[in-house]
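Participant: Here is how the chains run, residue by residue.
Protein chains: 2
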Amino acid sequence: MSTPKILILGAGYGGLLTTLQLQQKLHYNEAEVTLVNKHDYHYITTWLHEPAAGTASAEHARVDLDRIVDKQKVNFIKGTVQSIEPEEQTVTLENGNVLSYDYLVIGLGSEPETFGIEGLKEHAFSIRSINAVRNIREHIQYMFSKFKNEPHRTDYVTFVVGGAGFTGIEFCGELGDRIPELCKEFDVDPRHVKVYCIEAAPTALPGFDPELVNYAMDVLGKKGIEFKIGTPIKQCTPDGVLLATGEEIKAQTVVWAAGVRGNSIVEKAGFETMRGRVKVDEYLRAPGYDNVFVVGDCALIFNDEGRPYPPTAQIAVQEGETLGENLVAMIRGGLTQKFIPHLQGTLASLGKGEGIGQVGSKKLFGSAAALMKKASDLRYLYKIGGVGLALKKVKL
Amino acid sequence: MSTPKILILGAGYGGLLTTLQLQQKLHYNEAEVTLVNKHDYHYITTWLHEPAAGTASAEHARVDLDRIVDKQKVNFIKGTVQSIEPEEQTVTLENGNVLSYDYLVIGLGSEPETFGIEGLKEHAFSIRSINAVRNIREHIQYMFSKFKNEPHRTDYVTFVVGGAGFTGIEFCGELGDRIPELCKEFDVDPRHVKVYCIEAAPTALPGFDPELVNYAMDVLGKKGIEFKIGTPIKQCTPDGVLLATGEEIKAQTVVWAAGVRGNSIVEKAGFETMRGRVKVDEYLRAPGYDNVFVVGDCALIFNDEGRPYPPTAQIAVQEGETLGENLVAMIRGGLTQKFIPHLQGTLASLGKGEGIGQVGSKKLFGSAAALMKKASDLRYLYKIGGVGLALKKVKL
Numbered sequence: 331m332s333t334p335k336i337l338i339l340g341a342g343y344g345g346l347l348t349t350l351q352l353q354q355k356l357h358y359n360e361a362e363v364t365l366v367n368k369h370d371y372h373y374i375t376t377w378l379h380e381p382a383a384g385t386a387s388a389e390h391a392r393v394d395l396d397r398i399v400d401k402q403k404v405n406f407i408k409g410t411v412q413s414i415e416p417e418e419q420t421v422t423l424e425n426g427n428v429l430s431y432d433y434l435v436i437g438l439g440s441e442p443e444t445f446g447i448e449g450l451k452e453h454a455f456s457i458r459s460i461n462a463v464r465n466i467r468e469h470i471q472y473m474f475s476k477f478k479n480e481p482h483r484t485d486y487v488t489f490v491v492g493g494a495g496f497t498g499i500e501f502c503g504e505l506g507d508r509i510p511e512l513c514k515e516f517d518v519d520p521r522h523v524k525v526y527c528i529e530a531a532p533t534a535l536p537g538f539d540p541e542l543v544n545y546a547m548d549v550l551g552k553k554g555i556e557f558k559i560g561t562p563i564k565q566c567t568p569d570g571v572l573l574a575t576g577e578e579i580k581a582q583t584v585v586w587a588a589g590v591r592g593n594s595i596v597e598k599a600g601f602e603t604m605r606g607r608v609k610v611d612e613y614l615r616a617p618g619y620d621n622v623f624v625v626g627d628c629a630l631i632f633n634d635e636g637r638p639y640p641p642t643a644q645i646a647v648q649e650g651e652t653l654g655e656n657l658v659a660m661i662r663g664g665l666t667q668k669f670i671p672h673l674q675g676t677l678a679s680l681g682k683g684e685g686i687g688q689v690g691s692k693k694l695f696g697s698a699a700a701l702m703k704k705a706s707d708l709r710y711l712y713k714i715g716g717v718g719l720a721l722k723k724v725k726l
Numbered sequence: 331m332s333t334p335k336i337l338i339l340g341a342g343y344g345g346l347l348t349t350l351q352l353q354q355k356l357h358y359n360e361a362e363v364t365l366v367n368k369h370d371y372h373y374i375t376t377w378l379h380e381p382a383a384g385t386a387s388a389e390h391a392r393v394d395l396d397r398i399v400d401k402q403k404v405n406f407i408k409g410t411v412q413s414i415e416p417e418e419q420t421v422t423l424e425n426g427n428v429l430s431y432d433y434l435v436i437g438l439g440s441e442p443e444t445f446g447i448e449g450l451k452e453h454a455f456s457i458r459s460i461n462a463v464r465n466i467r468e469h470i471q472y473m474f475s476k477f478k479n480e481p482h483r484t485d486y487v488t489f490v491v492g493g494a495g496f497t498g499i500e501f502c503g504e505l506g507d508r509i510p511e512l513c514k515e516f517d518v519d520p521r522h523v524k525v526y527c528i529e530a531a532p533t534a535l536p537g538f539d540p541e542l543v544n545y546a547m548d549v550l551g552k553k554g555i556e557f558k559i560g561t562p563i564k565q566c567t568p569d570g571v572l573l574a575t576g577e578e579i580k581a582q583t584v585v586w587a588a589g590v591r592g593n594s595i596v597e598k599a600g601f602e603t604m605r606g607r608v609k610v611d612e613y614l615r616a617p618g619y620d621n622v623f624v625v626g627d628c629a630l631i632f633n634d635e636g637r638p639y640p641p642t643a644q645i646a647v648q649e650g651e652t653l654g655e656n657l658v659a660m661i662r663g664g665l666t667q668k669f670i671p672h673l674q675g676t677l678a679s680l681g682k683g684e685g686i687g688q689v690g691s692k693k694l695f696g697s698a699a700a701l702m703k704k705a706s707d708l709r710y711l712y713k714i715g716g717v718g719l720a721l722k723k724v725k726l
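Residue numbers (my numbering), protein chains in the order written: chain A, 331 to 726; chain B, 331 to 726.
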C-alpha cells in the first residue's frame with residue numbers, strides 16, 4: 331500500500347489548522363501532506379479592517395507560513411487553484427500543474443456577496459486579503475491628497491461602507507480613528523469628511539443584543555460615522571452609490587462589507603452548493619464523496635434549529651482541528667469524531683480600546699470587550715505559532 | 331504723512347526673505363508690512379523631490395510661518411492672490427478683499443512650463459507644492475497597491491520623469507531609493523518596476539560639467555533609472571507618453587520636471603513679461619513702476635553675457651535680502667543698492683548620501699557633494715529660523 335496523499339487547498343483558518351494538526355500528529359511517512367496556497371503567508375482575516383483603514387500595517391496581519399509550517403513534514407506549493415476534479419481525484423492549478431490526492435481538504439475561503447447589486451463588483455472595494463486592504467488604505471490616502479488639490483471635490487473625502495454587519499462596523503471603528511490622523515497629515519478640515527455606513531437590514535449588527543447594537547452605534551456616531559439603516563443600496567457607480575430611497579451619495583470610495591458567499595471554484599467542481607457553500611455532513615464531508623472535506627467559509631453547517639452557522643474564524647478553526655484529528659484517525663484506521671461547533675462568544679472591535687461582545691449570556695462593553703478580543707487573538711496566535719508569535723503580534 | 335504700506339505677495343524664498351529683513355530692521359510704526367500667502371507655512375522647494383518620492387515626510391519640508399514671522403510686526407493674511415492692479419496700487423484676493431499698497435513685492439513663484447506639449451497639464455504631476463508632492467507620493471503608493479491586484483498592468487509600476495534637469499535628476503535619485511522600499515512593502519518583484527527619465531535636450535543636466543553629468547547618470551543608472559536623452563515627449567495621454575521617436579511608454583505616473591515659467595497673475599497684471607517672468611531693473615523694479623518689485627521665479631535678470639539667470643532658491647534668497655534692505659532705505663530716505671547675484675555654486679542630490687556639485691571651479695562627487703548640500707541647507711534654515719529650526723530640520 332502506498333502512502334496516502336492528503337491535499338489541502340488554502341491556508342486560511344480551516345486549511346491551516348488542518349495542516350498544523352497533521353504536522354503535529356502524523357509520524358514520518360504516514361501520509362504525504364501537501365498544502366497549496368496563493369501566498370506564502372497566512373493572514374488574520376479578522377484583523378483586516380485595521381490595515382484597510384490604515385490603523386495598523388498590513389504586515390501586522392500577516393504570518394509567514396515558513397514560521398509555522400514545517401516544510402520537512404508538509405509539502406508547500408505556492409499556487410492558485412484553478413479547478414477541482416473530484417471524479418478524477420485531481421486539482422488543477424493555474425500554472426497547469428495537476429495534483430492528485432487520496433484525501434482532499436477544501437478551505438478556499440469566500441468571495442464577496444454582491445446580491446446582484448449593479449456596479450458593486452466593478453466599483454467597490456472589499457476587505458478580503460492583504461493585497462486588497464493595502465489597496466484600500468492607499469486609495470483612501472490618495473483621495474485625501476487629491477482633495478487637497480481639488481477642494482470642490484468632496485466626493486474624494488466621502489466614504490461609503492456598505493453593510494453594518496460585523497466587518498462593516500469594525501471597519502467603521504477603525505476609519506473613525508484614522509480620519510483625524512489623515513486630516514492632520516493632509517491638512518484637511520475634518521468637517522469636509524463624511525463616512526456613511528449603509529445597511530439594508532432593519533438593524534445594524536443583526537443577531538446582536540439591541541443594547542450592544544445601540545452602544546456600538548453610539549460609539550461610532552461619536553466618531554463621525556453616519557448610519558443609514560434599513561436603506562438598501564440600489565447601484566454602485568463610478569461616482570458613488572444610488573440608494574433605494576432615490577438618494578445619491580457621491581463618493582469615490584465604496585467599501586463593500588455586507589457579506590460573503592462561498593467559492594466559485596467549489597461551485598464549478600460540481601458539488602452541491604448554496605451560495606457557493608457546500609452543505610457538509612457531520613464529518614465535514616462533501617455530499618457524495620467520502621474523501622473530500624470542506625472547512626471554513628466554503629462549508630455550510632446548520633444548528634439544531636436548522637439555521638446555518640455564519641462563516642466565522644472561530645468555527646473554521648474548530649473545523650480544521652477536528653478534521654485534522656479525523657484524518658489522522660482515518661489513516662490509522664481509528665475512530666473519527668463528529669464535528670460539533672462550540673460557540674465561545676462574539677466580539678467586535680469599535681476602534682482603539684473600544685468594542686462590544688456577547689459571551690454566553692454576558693454582555694461586554696468598551697474596554698472590557700476590547701480586552702477580551704485581545705485575549706482571543708492571543709489564544710489563536712499561540713495556537714498556530716506559539717508564544718513567540720503571540721508576543722510578536724499582539725500589542726498589549 | 332501716513333505710515334507707508336508694504337505689501338508682499340508670497341512667502342517663498344524671495345517674499346519670505348524680504349519680510350524677514352523688514353521684520354528685523356524696521357522700527358515700530360516705520361511701515362505697515364503685510365504678507366499674503368496661500369498657506370500658513372513656507373516650504374523648502376529645493377527639498378520637495380524627497381516627499382514627492384516618499385523618502386521624507388511632507389511635514390519635513392514645511393516651516394510654519396508662525397515660527398519665523400513675528401505677527402506683532404508683520405500683518406499676515408492667509409489668502410490667494412487673484413489679480414494685481416498696479417495702476418490703482420491694489421491687489422485683489424480670491425475672497426474679494428482688496429488690499430492697497432505703497433510698495434508692492436511680488437514673489438508669487440512659478441508655474442510648470444509645458445512647452446505646449448499636449449496632455450501634460452491634464453495628465454502629468456509636477457513637484458511644485460506641499461499639496462502636490464503629497465499627491466504624487468500617494469499616487470505612487472496607490473499604483474503599487476493596484477499593481478499587486480492586477481499584475482498584468484505593468485503601467486501601474488512604470489514611472490516617467492519628464493526632464494533630466496535639476497528637479498528631474500534629484501527626483502530620480504529619490505525614486506531610486508524609494509522603489510526598493512515600496513517593492514518590499516507591497517510584495518512587488520522589483521523587475522516589474524521601470525523608471526524612465528526622458529529629456530529633450532542633448533544632455534542631462536545642461537550647464538553642468540560633463541564629468542559630473544556622467545557621474546550622476548551612472549549613479550542613477552545603478553539605481554535602475556533608464557535615461558532617454560535627446561528624446562522629446564510629443565504627447566501625454568491618460569495611458570502614458572508618446573515620444574517624438576514614435577515610441578509609446580505606457581505609464582500611469584508621469585511627473586513633469588522639465589522647467590518652470592513665471593506666474594500668470596503677473597502676466598495678467600499687464601507687466602511686460604517673458605514666459606511669465608518680469609525683466610526687472612537693477613533694483614528689482616518692474617519696468618515703469620518705481621514701487622513694484624519682483625523677486626524669485628517671477629523675476630528675470632540677466633548676467634553680463636546677456637543670458638538669463640535660471641530661477642533658483644539661491645538667487646531668490648539674495649533678491650529678498652537686498653530688496654528688504656532697499657525698502658528700509660527707501661522709507662528712511664537712505665541709499666539703495668543695486669542687486670548683484672553672488673553665485674555660490676550648484677549642488678544636486680542623487681538620493682541618500684549621493685550628489686554632485688560645482689563650487690567655483692571645484693567639482694564635488696558623492697558624499698562630499700551630499701555633505702555640502704546639507705551645509706547649504708543648514709545655512710538657509712539658520713538664516714530664516716535660527717539654530718532651533720536648523721537643528722529640527724536637518725538630519726546630521
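Treat the hints with care, since some could be wrong.
Since the list gives no way to pick one copy over another, a pair counts as held whenever it fits inside one copy or between any two copies.
[Unchecked claim] 27 angstroms max Cα-Cα, derived DSS-like pairs, lysine-lysine: (1) K478 with K598; (2) K478 with K408; (3) K476 with K514; (4) K476 with K580; (5) K713 with K552; (6) K335 with K355.
Hints are computed from structural coordinates only; laboratory data are not their basis.
Participant: Check K713 against K552 for me: Cα-Cα at most 27 angstroms, and say if that holds within a copy, between copies, both or neither.
Facilitator: neither (36 angstroms within a copy, 46 angstroms between copies)
Participant: Is it within, between, both, or neither for K478 and K408, if the alpha carbons may be no more than 27 angstroms apart?
Facilitator: between (42 angstroms within a copy, 16 angstroms between copies)
Participant: Pop the pair K335 and K355 into one bin, within, between, both or neither, using alpha-carbon distances up to 27 angstroms.
Facilitator: within (15 angstroms within a copy, 87 angstroms between copies)
Participant: Between K476 and K580, at a C-alpha cutoff of 27 angstroms, which is it: within one copy, between copies, both, or neither?
Facilitator: For K476 and K580, the Cα distance is within 27 angstroms both inside one copy (15 angstroms) and across copies (22 angstroms).
Participant: Measure nothing new, just compare the shortest in-copy and cross-copy C-alpha distances for K478 and K598 to 27 angstroms and report within, between, both or neither.
Facilitator: between (47 angstroms within a copy, 26 angstroms between copies)
Participant: Since the copies are identical, ignore which copy is meant and state whether K476 and K514 lie within 27 angstroms (CA to CA) inside a copy, between copies, both or neither.
Facilitator: This pair counts as both: shortest intra-copy Cα distance 15 angstroms, inter-copy 25 angstroms.
Checked against the numbered hints above, the structure breaks only hint 5 and satisfies the rest.
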